[in-house]
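Student: If you're matching them up, the sequences are chains A and B in order. Numbering-wise (my numbering), the first sequence opens with residue 15 and increments by one. Numbering-wise (my numbering), the second sequence opens with residue 992 and increments by one.
Check before you lean on any hint, since a few could be wrong.
Claimed, not checked - Think about it this way: if two alpha-carbon atoms lie no more than 30 Å apart in a straight line, the pair counts; the simulated DSSO-like pairs of lysine-lysine are:
1) A:K339 x B:K1352
2) A:K236 x B:K1222
3) A:K106 x A:K236
4) A:K207 x A:K180
5) B:K1164 x A:K291
The set of hints was computed from the structure by calculation and includes no laboratory data. The structure displayed is predicted, hence computed values, not measured ones.
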Amino acid sequence: MRQLVSGFAAILLTTAITCAVRADETSEAIAVLRDVQPGSTDSAAARAAVQKLTTGGAQTLMPLLHGFRQATPLAANWLRNAFEQLVEAETKAGHKLPQQELEAFVGDQEQSPQARRLVYETLKRTDPGIEDRLIPGMLLDSSAEFRRDAVARLITEAAGMSDAAKATTLYRKAISGAVHEDQVKTIAEALRKNNETIDVQKHFGFLPEWSIVGPFDNKDEKGFAVAYGPELEVATAKMPDLQAEYDGQSGKVRWQPIATTDDYGMIDIAKQIENYKGSLMYAVTTWTSDKEQQVEIRLGTPNSWKLWVNGELVFEREEYHRSCKLDQYRVPVTLKSGPNQLMFKVCQNEMTQDWAQRYQFQMRICDSTGSAILPAKRTARHAANPGVQ
Amino acid sequence: MRLRIMFMLLATGAASSLIAADWRQFRGNAANSVAVGESLPTELSGDTIAWKASLPGRGLSGPIVVGEQVFVSASSGYTQDRLHVISINAADGSTQWERQFIATGRTLTHETMCNATPTMASDGQRVFAFFSSNDLICLDLAGNLQWFRGFGSEFPNASNSLGMSSSPVIVGKTVVVQVESDAEAFACGVDVESGVTLWQIDRPHAANWTSPSILPATNDTPELVLLQSSKGLAAVDPTSGTIVWNFDKGASTIPSSTVDSGSIVIPSNGLTAIRPATGNTFEQLWNASSISPGTSSPVVVDGMAFVLNSAGVLTAGETTSGERLWQLRLRGKFSSTPIAANGYLYLFNEDGNAFVVKPEKDKGTIVSELDLAEKILCSPGAADGALYVRSDEHLFKFSKRHQGRLSTE
Chain A
15 MRQLVSGFAA ILLTTAITCA VRADETSEAI AVLRDVQPGS TDSAAARAAV QKLTTGGAQT
75 LMPLLHGFRQ ATPLAANWLR NAFEQLVEAE TKAGHKLPQQ ELEAFVGDQE QSPQARRLVY
135 ETLKRTDPGI EDRLIPGMLL DSSAEFRRDA VARLITEAAG MSDAAKATTL YRKAISGAVH
195 EDQVKTIAEA LRKNNETIDV QKHFGFLPEW SIVGPFDNKD EKGFAVAYGP ELEVATAKMP
255 DLQAEYDGQS GKVRWQPIAT TDDYGMIDIA KQIENYKGSL MYAVTTWTSD KEQQVEIRLG
315 TPNSWKLWVN GELVFEREEY HRSCKLDQYR VPVTLKSGPN QLMFKVCQNE MTQDWAQRYQ
375 FQMRICDSTG SAILPAKRTA RHAANPGVQ
Chain B
992 MRLRIMFMLL ATGAASSLIA ADWRQFRGNA ANSVAVGESL PTELSGDTIA WKASLPGRGL
1052 SGPIVVGEQV FVSASSGYTQ DRLHVISINA ADGSTQWERQ FIATGRTLTH ETMCNATPTM
1112 ASDGQRVFAF FSSNDLICLD LAGNLQWFRG FGSEFPNASN SLGMSSSPVI VGKTVVVQVE
1172 SDAEAFACGV DVESGVTLWQ IDRPHAANWT SPSILPATND TPELVLLQSS KGLAAVDPTS
1232 GTIVWNFDKG ASTIPSSTVD SGSIVIPSNG LTAIRPATGN TFEQLWNASS ISPGTSSPVV
1292 VDGMAFVLNS AGVLTAGETT SGERLWQLRL RGKFSSTPIA ANGYLYLFNE DGNAFVVKPE
1352 KDKGTIVSEL DLAEKILCSP GAADGALYVR SDEHLFKFSK RHQGRLSTE
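Excised from the complex, chain B in its bound form (with noise of 0.2 Å):
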């Protein structure tokens, strides 16, 4: 008996540490940007690059990684109609396969998007990428096209002149998309086996760029998908695309909400806490309108939660009581989310300045900066003691185990 108790807590401490080792979706696995168990160089410099590897197009979308393969996409083309999905070998930077596509709906984005701004997402044996054009396409590790679905086309109003952003996630056998603009809107479950809608929900009609969010399952509720518009947060069973309740106080159309310890942290009226309750409802835990974020999503974490305004700077708030703790003026503006990760948050500028953060209740210090030179605007991507970031030109790896090997393209 003791002997299969031992075997099963190996097997499920293999198996967590499999998922923590991934990065699979924009904010990563839970979608809050934190790196559970992650320990990444908190040094970034020259010599904590492992490797940049060239990529064939721009993107605002953020890497993610599946084991030994690191997933990109980009758009390229005068138009920005071609699609790209790259596999990039974690090791060593090189490509395994690039996959491309052209797009079936509209491509015109703001020239600071692109087509390639949505973060791609993985269920572990597919991976799911998403383009401002709405196409959402399914290819298995070995770059297969498993499906595709051009909602773009199927749905040729549900766009935005600006460019859409939302990234997809994945919530159990469920690919949840977001597209909702002006003209059109919607929400829908897509199959990640068949690509066959599952549901689909109306969503009111305003252009909006936030994520759906994951808010996990408790002993009385199921796993919930949380869905952010201009009127505020909508809690979804992913299964089905009912709506179980409803934060209707408005909320950012940019920022994301994130989710800590069961609570949720939304961009409305500067920043909201809600934590819900029991008979499908929620209760307001507090609200900070002097915290308020600018593009970039809130992170939540070790009970602060923290934003970036436009002007670059962060603020930290603790996260009982939305109470402002402390401020720190980063350089440059932000369009990325940071990622926390062994007590450190990782924070990129649109300039492609790192910084990297040491919060503490009192105080925030900037630990390390890295200039990289190039735009970036995508969130960052970790796994395996490894940082992943990317611009228009190149994806870096960062990690502690390269120190010292820096191999370019």
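Just chain A, with the same shape it has in the complex (with noise of 0.2 Å):
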């Protein structure tokens, strides 16, 4: 009998031993994926770290996906493949996943968005009842597929009502997740339609109010890589001196206001000052946060252009025509607590095709779904209108 128990235990520690094991083995894999590198030098490693992975077995799936938290976006693709290639070999050995543990991994919004959609896109196949139980109470999720998910039952719903008053309710709760243009533009339009106001601008976080100083010179596309007086100043000081006075590329020129009330909060130079051929303008605003965050400045030009944030130069980018578009470019930032100062320079060059005469921009602060981060403090044209949605 002592031989029987003592035998039992050998078994158990032995288990448990490969179990330790087995773990320190998938975390180690998932590690090796977590940071694999730009440039492909780690390629081996990180194939022999998905093989192992999917020869894990079904407990290998949660630490999987723990570990898409925070990777880069090249990391969560290698991630990306062990998951499918193990689910693939379970579904083939005839195993069940684990569904109620990754229904409820899909719905723990600490985890990485993309983790969650893939396990959600993963269950669906087999129980296509998840979206009905899930996506209703994902309206503000932390990823934007699964907000479009449910802003579109919400604007179905609505758009099958023939009560006024109770679709405007469904547009309302709808809009309230809403991050991507075109079902903004559905719910905007359903709105105005049963004559209810909707301020598209604040709802994407547009910066309508800015000062502009220019023309600077550009003929010959050579000013985009000349550094006027806005931008010596901004430098060393972070801000440019608003009181200021330049040589322009025609005479002197000092700072003006320029608004937008347009919805998608187009600043747009040719019509609102000029098309000045072979030019280039320099604006600035300010933008007051609450906190040290990290933000995404999307923006939206068919010109050339560079940005600022607090004196530093974030991204520049030198193409002319080629479209203009909402979300076009995203800058990631870290914007810091209080007065943040952004300044933007935009270059027009001397095509004369027609579809070359746009001299525009539009600039709008989000979090990583696209949903707006307002700022601590209003622009004047919101406050003057603070009822305003």
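Using the hints, put the two chains back together into the complex; each one sits in its own frame.
Tutor: See below:
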């Protein structure tokens, strides 16, 4: 009997050690994938790690999914491939996936939005009912894709209503989660049709009020690389002197206010000032943050541009007239608590074609889903219309 | 000895037939749109559709074929950031595997295009999927990720707000990609096994949608890769990135050059033909300003050069002189490059109309038409007696062998 007990204990111990070893190997393999670097010098190690994970069985699934959290986009793609192969192997072997645990993972907003969506789509293949169970509660989710699905359901429901007041209530609910242009347009149109007011500009978090100075010379597109007065000042003082006067393209130029009421926050230099060909302008604005935070500055322009935040050049782009779209560019930045100074250099070239005459930009501040982050200190326009939503 | 020679001939024959049966990259193995040795159906109809398979996303990328597998890329999602690579069984159209990734670079494109615009490539052991977001993904034939290069994040200014479309080519053990835009532009050779950059060269800073072509080796010169841009055409050593010679008379930034029998037909000032000469240089053979391709790349076969203009007019020119031979008006707008096989041209317009044209020296004749009623912007592929083409929704296989059998999705 004593022998039997000690034999059983030995088996338990061996199993425990095996599991611990396996868990260590799993963590190690996940760490390898999380650490994968651009340039592909570590692809052999990453391949070996994926192979280890895909043969690890169902107990590997959850650690693998937790590994997506704050992983780089490159690492997330390696983790995704491991997950897809593991699920494929488990399914082929006739093993059931831990449905409940996985569904709970989908609902856990602390986890990677990408991983949650991956699991959701995997579960949905065999359980279409998951959509009705989860999506309605995802209107304000940390994943833009889940938000989109939740908003789409509300739009469909509202569109089918004959009672305008009830439809308005649903549209109002839908807009609270909408982050994509097509859905916001549909909702705004429906609300306005019902004589409702909606501030699309505020919804997206556009920056509607700027000070602007120019034109400066950009003949032969050479001005993009030239640091004119405001640019020299921002390098040292973080913010140009708005009382300053500069030598412009055709005489002295001074800062002037420019604002827009356009739904999509378009500052249209060609229409509001003049389409100076072969020129460039500088625009500045202040955005007050209630805390230090990571945000995305999203902008659209058909012109070449440079962007400084608190005196630091965060991105520059020399491309003319290839299109102008909402969220054409996404620039992740960290804003400090208090006033943040943004300066934008926007350049027009001398192309003569009809499609090359736009001289404009739109800019907004939002989180990674595209949901607006509003400034702590409101602009004059919003302050004058506090009731507008 | 005779036995040994016979064995060698058989082995060579087997190897070349294996290669001829594949369609491994944009415009085929030689990147010239000619399906050598293929016998495709000359009548396209419901009877010659062997199968059509559903696809999970949009794509202008054409299908490639390796053995019994047909590979195609696609992109989906509101921002087109979901990247798909799909392996489909050539025999029955069933999906063997699908892998998804998330774009690491910019996914914005013109509405006509989408993220899955470049055509995939293969070296026979791996497949390489390239996207407008400049993500270059290598998988083995079973769908195991081999390596992932996010050129979009490594070089964040190398993008085009209208989208990128250059397809990679495989030369030896190197994947050659052109990543060229107004703001940043380069070409590089990437090791097929490791994904590591072997060489990288600066390219003209200008939007460029063309794809590399391949100039086969001769007794005197090694195989070269031809990189086209608005400045012209550079012949580059694919092992080092060294520019061997440079044609600097300008070229189109949409249709790509093609190579036939050692001559290069460049979309430059209409069409310009050149031929490499001794001493790392080249000689111009002719220029035909009246033969100007639209979006589709020229196809050269049987002594004739064919181009499609933006109005859907097919023009044939003589390859020894560039002299225009005839024109044939097709219907609609064309984005895809036709392919040539068994003495016929296969052309697909954007509305999904397929045309089979019999080209002769004095005329071109439409011998078959079929309306697939789906938007088609990809260039087709041909392998093992079958013609493959994809829309945003489906991949179609046309085959004589499957005449009368249609299995859908």
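Student: A separate judgement is required for each hint: does it hold in the structure or not?
Tutor: Status of the hints after comparison with the structure:
A hinted pair counts as satisfied when its Cα atoms are at most 30 Å apart, and K339 (chain A) with K1352 (chain B) does not qualify at roughly 48 Å. Using a Cα cut-off of 30 Å, the hinted pair K236 (chain A) and K1222 (chain B) holds, with the two alpha carbons roughly 20 Å apart. Between K106 (chain A) and K236 (chain A) the alpha-carbon distance is near 61 Å, which puts this suggested pair outside the 30 Å criterion. Restraint check: the Cα-Cα separation between K207 (chain A) and K180 (chain A) comes to about 14 Å, which is no more than 30 Å; the hinted pair holds.
Only pairs whose Cα atoms come within 30 Å are accepted, and K1164 (chain B) paired with K291 (chain A) is rejected, the gap being roughly 48 Å.
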